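Q: What follows is each chain in one-letter form.
2 protein chains.
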Amino acid sequence: MTIDNKIQAGNTQTFKDDCIFPPVGDLEIRWRAVQKYLLEAGGDACLIATHVNIYYLTGMVFTGFVYFSVEGYPLYFVQRSFGCEGAQIVAIRKPEDIPGLLKARNIPLPKNLFLEADQISHSEFLRLEAAFNPEKTGNATAILKKARMIKTPWEIGQFRISAAKHAEAYRTIPSLFKEGMRDIDFQTEIERQMRKHGSIGIFRTFGGNMDIFMGSLLTGDNAGMPSPYDFALGGGGMHPCLPIGATGEVIKKGNSVMVDMAGNFTAYMSDMTRVFSFGKLSEKALDAHKLSMEMHDRLMAEGKEGTACADIYKWSLAMAEKAGFGENFMGIKQQAKFVGHGVGIEINELPVLMERSKDLLQSGCVFAFEPKFVLPGTGAVGNENTYLVTETGIEKMTVLTEEIILLLDAV
Amino acid sequence: MTIDNKIQAGNTQTFKDDCIFPPVGDLEIRWRAVQKYLLEAGGDACLIATHVNIYYLTGMVFTGFVYFSVEGYPLYFVQRSFGCEGAQIVAIRKPEDIPGLLKARNIPLPKNLFLEADQISHSEFLRLEAAFNPEKTGNATAILKKARMIKTPWEIGQFRISAAKHAEAYRTIPSLFKEGMRDIDFQTEIERQMRKHGSIGIFRTFGGNMDIFMGSLLTGDNAGMPSPYDFALGGGGMHPCLPIGATGEVIKKGNSVMVDMAGNFTAYMSDMTRVFSFGKLSEKALDAHKLSMEMHDRLMAEGKEGTACADIYKWSLAMAEKAGFGENFMGIKQQAKFVGHGVGIEINELPVLMERSKDLLQSGCVFAFEPKFVLPGTGAVGNENTYLVTETGIEKMTVLTEEIILLLDAV
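Order-wise, the sequence lines are chains A and B.
As numbered in my numbering, residues 1 to 411 make up the first sequence, in order.
As numbered in my numbering, residues 1001 to 1411 make up the second sequence, in order.
Any given hint could be a false lead.
Straight-line distance between alpha carbons at most 27 Å, and here's what the computed DSS-like set of lysine-lysine pairs gives [as the list claims (entries may be wrong)]: (1) K1196(B) x K196(A); (2) K333(A) x K1094(B); (3) K1196(B) x K165(A); (4) K252(A) x K304(A); (5) K1358(B) x K94(A); (6) K1314(B) x K94(A); (7) K1103(B) x K358(A); (8) K146(A) x K1094(B); (9) K94(A) x K1333(B); (10) K1165(B) x K1136(B); (11) K1103(B) x K196(A); (12) K252(A) x K322(A); (13) K136(A) x K1136(B); (14) K165(A) x K196(A); (15) K111(A) x K165(A); (16) K165(A) x K1178(B); (17) K178(A) x K1165(B).
Footprint (simulated), chain A over chain B, 3 or more residues, beta carbon under 8 Å [stated by the list, open to error]: (18) 1056 to 1062; (19) 1107 to 1119; (20) 1191 to 1199; (21) 1211 to 1218; (22) 1313 to 1327.
Calculated from the structure, these hints are not laboratory results.
Model, not experiment: these values are computed from the prediction.
Cβ atoms here follow ideal geometry from the backbone N, Cα and C, with glycine treated the same way.
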């Protein structure tokens, strides 16, 4: 069976630059990874229903499902197919049509069907399970997470595009600041620059309760406010329905401004935090920021294939404690128990740099490292960069000055 | 048992305006509605885990669960409670702690426990079910959707705030346009104005596969492009990972520009579409827009408590067909099979104005009505307004000129 790209071709009419679609060879790397992990987990097939995983597996978003056996090519079961045709594309009205269509193609129905148990709703899981009536079901979310942890060459290229635009957009930040600005107004101007540089806007997270808009800007003591989300830092937010980030406070002299906006200039997000300062920060804050920079240097020097993610967390915490910043590390009232995380189509992918992680860095992992400190009276300091694990070490993808950047030089 | 508001008090420190928290009496209306529907469905209790429903039931977002029996007051089981205390607030480490804590309070465990089956993941459903081990489980999503369909006085007030700011932000739109602008650049400037007027940013939708950023701006033939989402119209989008809305095309003379941004200035979103025109539109487009305005007039004249939602769809379609616009109604290639929808914390709530709806309009319903037409060569026309069903009729919440608004008057 050969790959038929007509569905892609049918969709390209509105896009000028073909390279925004992954080459089939690159998709094939992903399909083989999913098949390998599926086989290891004892599955016969998986049926993928979420847009993020459909995008990962096809380079497109469509209404429908991707069906995979442990061998051969995936089938795209598409609702609303608008006449798209091809060897891999099968039009359906509803998921219950799929088993009959597989039989018609002499494809045996799976005994052990994997569905995205951590992502699709209970109701949808039951519906898909009933349509196939397999002997057993397994968790396709775990399989896809594992596959998505190791990025393909095209995906790595997408990160490079995101990271470059991310840095370009951040370079405009000092010019956007005016004395007397509220945190939210500064953030709004940064959001506009992100969009002007090509941000697609939505900030994809894994997990139903992980709401955030385009990212966060924290100044002063708001940086220490806990929030109900599993991001590194919190902030009180502008409204009780989204208690995270800027609160509408005027940015004060002597306070830091930490900018952590998602680099979603492609489907693959870079994650980058830089610290801005309106007036001079306290010596203690400068020391803590320097310590964060030293941690980044250590990661670049020591990190490589095989490094345990847990160890990175442990030495970061140890360095913080040794320098007397243990209580400021990753928050105050509520301290995040990780110092970094994989990034990709979603901001919180594998691996997680935390104590109980069993993951080792592998070539092709792309992750954010974000040792941050919250100083009462000042705010948050510390950088975040996105790194690629290569065969020879670690490459920094988010290249931009790491010193604290002065706002209104003259002040 | 009396209501203890300490958890609210604990959260207000970052908020200046107390009225952004609902009064307890208003929450109580919601609790009673949920209890009534739960009892009718044969449930003993429900355990709510999603942030949208936690916000609906408490006026806050926290990490944890809301537990409800069919009588009495809900309990807030809070992870990361930061010392918040109160009769209704119980600190937990994990959901498995809840049954023991209920027993300790002499609250019998439910035989029929309702969980948010259409919202939480299959894995989370199984985990919560195992923690309680009830004889039966039911679907709390359906219960909450029904309760959320009828808005309380405070919720209606929040819509009024959103709708007023929505109109104010839209009034700036003509001043943002410049000849030669791309659709996405025009949208970016509108997004900024929405934020400056207080938009909280995130656009909440029901359903895992309903991605959108802050709303959509459609010009020319892009308005007829199908998309994989269940919004009224589509558009090709800027990137294959989010195929909806603006595509980066320059806005052409003689084309319409349809602006449909979410009015999320509070947790309760108004939905409003207005049409802008760069140069004069074709007579046919002007006729179709007039027809949309007539449909809005008819809704205002005839709509009232007891009106069948299906009937509104049917007469809208009939009016479109009679005027020769049947093929342009709600899209071309892909026509939406609804002409409106309930709005609230999420943009797609009950009721849905579609042929197979069995819902009747009830006092307290807030819904968007959006009869739109796509004209090849021109783009989309037709308005969208948010309406409140009152005891005496229908009130328009989104008050702003409904004529097509000229961009660059001099052209």
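Q: Hint by hint, work out which the structure violates, then give me just those numbers in ascending order.
A: Of the numbered hints given earlier, those the structure breaks are 4, 7, 10, 11, 12, 15 and 22, listed in rising order.
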